[in-house]
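Residue numbers (the numbering used here), protein chains in the order written: chain A, 1 to 259; chain B, 260 to 576; chain C, 577 to 841.
Simulated from the structure, these hints should not be mistaken for lab results. Values in this document were obtained by computation on a predicted structure and should not be read as measured data. There could be a bad hint or two in this list.
[Said to hold, decoys possible] Taking lysine to any residue pairs in the SDA-like style, the calculated list, with each CA pair at most 20 Å apart, reads: (1) A:Lys-86 <-> C:Lys-775; (2) C:Lys-775 <-> B:Phe-366; (3) A:Lys-86 <-> B:Pro-469; (4) C:Lys-775 <-> B:Ser-462; (5) C:Lys-645 <-> B:Gln-322; (6) C:Lys-775 <-> B:Pro-469; (7) A:Lys-83 <-> A:Pro-45; (8) C:Lys-775 <-> B:Gln-322; (9) C:Lys-775 <-> B:Arg-306; (10) A:Lys-48 <-> A:Arg-78.
Residues per chain are reported as follows:
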Amino acid sequence: MPIVHTELTKLDNSAGFPTLQVKDLHFAYPDGHEALHGVSLHVAPGEKVALVGPNGAGKSTLMLHLNGILSGGGGEVRVAGLKVEKQNLPLIRSKVGLVFQNPDDQLFSPTVFDDVAFGPLHMGLPEAEVRERVMRALAHVGMSGFEERLSHHLSIGQKKRISIATVLSMDPEILVLDEPSAGLDPRARRSLISLLRDLPLTMLVSTHDMFLVHELFPRTVIMDGGEVVADGETAVLLSDDALLERHGLESPTRMLAML
Amino acid sequence: MIFPASVQLLHIPDGFLSLPISVVSWAITLVLLYFAVRNAQQVLDERLVPLAGIMAAFIFAGQMLNFPVAGGTSGHFIGATLAAIVLGPWVGLLAMTAVISLQALLFQDGGLVVMGANILIMGIVPTFVGYGLYQLLRNQSRGVMLVGTAVASWVSIEMAALITALLIGFSGTSAFNVAVPAMLGVHALVGIGEALITVAAISFIQRTRPQILAEGSVAGSGRWVVAGLVIALVVTLFAPLASASPDGLEWVAGEHGFLQTAKDAPYQILPDYTIPFLGESGFSTIVAGIVGVLLVMGITYLLGRLLQRHEPVTSNQ
Amino acid sequence: MHVSTFDRYEQRSSAVHQLDPRVKVVLTLLFIVSNVALPDGAWWAFAAGWALLLLVNRAAHFSFGYLFKRSFIALPFALAAVTVLFTLPGTAVASWQIGSHTLTVSDAGLMRFASILIRSWLSVQMAILLTATTQFPDLMHALHHLRVPQVLVSIISFMYRYLFVLADEVIRLLRARDARSARLTTDGKLGGTIWWRAKVTGSMAGQLFVRSFDRSDRVYNAMLSRGYRGHLLTMNPHVMNGRDWLMAGVGTAVLVIIQLLGWLT
Numbered sequence: 001m002p003i004v005h006t007e008l009t010k011l012d013n014s015a016g017f018p019t020l021q022v023k024d025l026h027f028a029y030p031d032g033h034e035a036l037h038g039v040s041l042h043v044a045p046g047e048k049v050a051l052v053g054p055n056g057a058g059k060s061t062l063m064l065h066l067n068g069i070l071s072g073g074g075g076e077v078r079v080a081g082l083k084v085e086k087q088n089l090p091l092i093r094s095k096v097g098l099v100f101q102n103p104d105d106q107l108f109s110p111t112v113f114d115d116v117a118f119g120p121l122h123m124g125l126p127e128a129e130v131r132e133r134v135m136r137a138l139a140h141v142g143m144s145g146f147e148e149r150l151s152h153h154l155s156i157g158q159k160k161r162i163s164i165a166t167v168l169s170m171d172p173e174i175l176v177l178d179e180p181s182a183g184l185d186p187r188a189r190r191s192l193i194s195l196l197r198d199l200p201l202t203m204l205v206s207t208h209d210m211f212l213v214h215e216l217f218p219r220t221v222i223m224d225g226g227e228v229v230a231d232g233e234t235a236v237l238l239s240d241d242a243l244l245e246r247h248g249l250e251s252p253t254r255m256l257a258m259l
Numbered sequence: 260m261i262f263p264a265s266v267q268l269l270h271i272p273d274g275f276l277s278l279p280i281s282v283v284s285w286a287i288t289l290v291l292l293y294f295a296v297r298n299a300q301q302v303l304d305e306r307l308v309p310l311a312g313i314m315a316a317f318i319f320a321g322q323m324l325n326f327p328v329a330g331g332t333s334g335h336f337i338g339a340t341l342a343a344i345v346l347g348p349w350v351g352l353l354a355m356t357a358v359i360s361l362q363a364l365l366f367q368d369g370g371l372v373v374m375g376a377n378i379l380i381m382g383i384v385p386t387f388v389g390y391g392l393y394q395l396l397r398n399q400s401r402g403v404m405l406v407g408t409a410v411a412s413w414v415s416i417e418m419a420a421l422i423t424a425l426l427i428g429f430s431g432t433s434a435f436n437v438a439v440p441a442m443l444g445v446h447a448l449v450g451i452g453e454a455l456i457t458v459a460a461i462s463f464i465q466r467t468r469p470q471i472l473a474e475g476s477v478a479g480s481g482r483w484v485v486a487g488l489v490i491a492l493v494v495t496l497f498a499p500l501a502s503a504s505p506d507g508l509e510w511v512a513g514e515h516g517f518l519q520t521a522k523d524a525p526y527q528i529l530p531d532y533t534i535p536f537l538g539e540s541g542f543s544t545i546v547a548g549i550v551g552v553l554l555v556m557g558i559t560y561l562l563g564r565l566l567q568r569h570e571p572v573t574s575n576q
Numbered sequence: 577m578h579v580s581t582f583d584r585y586e587q588r589s590s591a592v593h594q595l596d597p598r599v600k601v602v603l604t605l606l607f608i609v610s611n612v613a614l615p616d617g618a619w620w621a622f623a624a625g626w627a628l629l630l631l632v633n634r635a636a637h638f639s640f641g642y643l644f645k646r647s648f649i650a651l652p653f654a655l656a657a658v659t660v661l662f663t664l665p666g667t668a669v670a671s672w673q674i675g676s677h678t679l680t681v682s683d684a685g686l687m688r689f690a691s692i693l694i695r696s697w698l699s700v701q702m703a704i705l706l707t708a709t710t711q712f713p714d715l716m717h718a719l720h721h722l723r724v725p726q727v728l729v730s731i732i733s734f735m736y737r738y739l740f741v742l743a744d745e746v747i748r749l750l751r752a753r754d755a756r757s758a759r760l761t762t763d764g765k766l767g768g769t770i771w772w773r774a775k776v777t778g779s780m781a782g783q784l785f786v787r788s789f790d791r792s793d794r795v796y797n798a799m800l801s802r803g804y805r806g807h808l809l810t811m812n813p814h815v816m817n818g819r820d821w822l823m824a825g826v827g828t829a830v831l832v833i834i835q836l837l838g839w840l841t
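Whole structure, please, built from the sequences with the hints as guidance.
So this is what it looks like as structure tokens:
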């Protein structure tokens, strides 16, 4: 019998808080490496934001702060107005749908059903509702019928879609994805793009795939050296070649022009 | 495709152990598993399941690694000592238990009813003995620590082989005075492979991620040395007690008029297991066993002190 | 590159496949215990045990060859029991002269040896049938229902899940090593000493270990992100129905009959 947590009720966002508020976030790893030097960021409900930058910019570190896995370096994070701190973590983690880059890290349960059910089950929801959410989440990512499959039998494209389902079933406020298109062949990538386009969720997506950025995300945030160096309309940022080059990025239009 | 090879002789199938022996083995195993679960959870809390599970997969996969020795044969490793060193003995035991149960359940590599015995053989004995011996030398210099690791690995395999022979013998499936030397002999070679690979692996880990080794240690290392020593002694103690029991050999001797040589027969087969001046009795073999184990521990310790004088002591937690 | 040989489940739509996994596990264990409990030379009981196996095999829609082919897997271990042929007191059946020793096979020894082999042979087949008719996640559910601590069941489940991932990594490591294992002539000597080769293998093991350790960290984070707080919750869909209880009863009754056969003849 799952334990029912009475505190996990729907977050009240009638006050109109931004979905995500990051204020002056600092963080240094135990080995001394300073990963974040005062990062600030707001994401409004419904926005689809791309997070880009060279390796080591602090993107993954930032993402791990959004649901409290990393903390303690100064600054604060709020999800729909609720501060990310120890006593709120269970609720926060049901609101932030964090999908890791490697689907073999995200899919750790025996079957697909078990993985997609993991989130809602640990939220304390009754079994009937868990089952319903699993079916809905799988339908959303186009993987209905895969419930009894064992994860290791699936292709990477299928695994990536189910990874997204594992957080959709929690009904999150914001979807946070780390390199969703990495390792996908063109067809799987196309399929993922359609999926992300059709999902009516607030999103923050870290990626190296500049075509993906151009196609799906109206707003882009560029990070480098643990700081936000640019934050604005994608079309504007991607046409600033100097800016892109300074931070180790390639403009998609320039890449096309080289053909 | 690759089939995970394990040392065939240490996974006992169903039917080779008597029910009483199976029950006793299960009793010992269950008690130790209870403590393992409790202590591991105290140390690791919610990290236990993902860590132990993935480490168990590592041990299993590690058993697939091999290296060509000669002709078509290859050496490979079991990993109980490695698991104990990097994970600590309790978590290491849980990981080995997972490996053994999966091997039995999925591949029939080891029986189901005798799984308690197999966990005793490949989980409990080598993990604790290996860990105990490792603790003797881990605070010395790097070179000495590696020697300690090699000895610990080798002895742990020999102990596992010995207890396998004992369990089979007490079940009436095999004659002690053939099983014991055969198992010990074969696994003396296997143990060398285990020692080499374990040392190389630990050396690699120590160079790249020393903090993992520091984490794996459990408080009160002296206690563990004693535990490892006690287990090794207890197992060794039973060996000669068993071979002293009256056997079919006397019947054979009677049948063919070799009565006068009957008493000598076991000792021709086991020349190494007696101390000459103590003469013909199980007692001499018991003493031989104890002496053997003490000798190994003593040499290991002396080696540690000796090498310490000749090598700079690096700070090792 | 995928390793899929770790699955032993054979999909069929049979009554045996659909039987509650708890019942299958318990009956398998009881069958094995029954075999071991039978006295030496209980040929009729052993034959009945074999008949039972063939019956279950058929009911699971497997061919005769399917089970028979796999049944000899434990054979190598028979070597360990060879000595009982010569050491059990009884009437001499055959003997050989080897140097100054005479090895004599007794009838009791022969009976014990054969009985050990048959017991092992029968037991392993039931274990094979168990695995072939029950998916691994269901096996885990069965263990949990049978009161095995959740911690242990979860560890085994994780291990199973990541076997494939790690096996793939091992294959990649082995391939990389093979790609660099050149020889000067086709049947030339392998380079390097045994020590060196062991060292290379050990480094591979060390590398694999570090990667596994890091992976366990990432998986832990993924679990935390979805609400894990140390107590793993799962849904166990298995409910015993009438047919399951019936099978449990019938199975137990058959085993009792086999025991009677063995001890009364």
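Hints, one by one, checked against the model:
1. Using a Cα cut-off of 20 Å, the hinted pair A:Lys-86 and C:Lys-775 is violated, with the two alpha carbons roughly 46 Å apart.
2. Restraint check for C:Lys-775 and B:Phe-366: not satisfied, since their Cα atoms lie roughly 29 Å apart, outside the 20 Å limit.
3. Between A:Lys-86 and B:Pro-469, the direct Cα distance comes to roughly 31 Å. Violation of the 20 Å bound is thereby established for this hinted pair.
4. Annotation: proposed proximity of C:Lys-775 to B:Ser-462 holds, straight-line Cα distance about 10 Å (limit 20 Å).
5. Under the criterion of a C-alpha separation no larger than 20 Å, the hint pairing C:Lys-645 with B:Gln-322 is inconsistent with the structure, at around 25 Å.
6. Straight-line distance between C-alpha atoms of C:Lys-775 and B:Pro-469 comes to about 18 Å, which keeps the hinted pair within the 20 Å bound.
7. Restraint check: the Cα-Cα separation between A:Lys-83 and A:Pro-45 comes to about 17 Å, which is no more than 20 Å; the hinted pair holds.
8. Annotation: proposed proximity of C:Lys-775 to B:Gln-322 holds, straight-line Cα distance about 15 Å (limit 20 Å).
9. At most 20 Å may separate the alpha-carbon atoms for a hinted pair to count; C:Lys-775 and B:Arg-306 exceed this at roughly 31 Å.
10. Distance hint between A:Lys-48 and A:Arg-78 is fulfilled; the C-alpha atoms sit about 18 Å from each other, no more than 20 Å.
Violated hints, listed in ascending order, are 1, 2, 3, 5, 9; each of the other numbered hints is respected by the structure.
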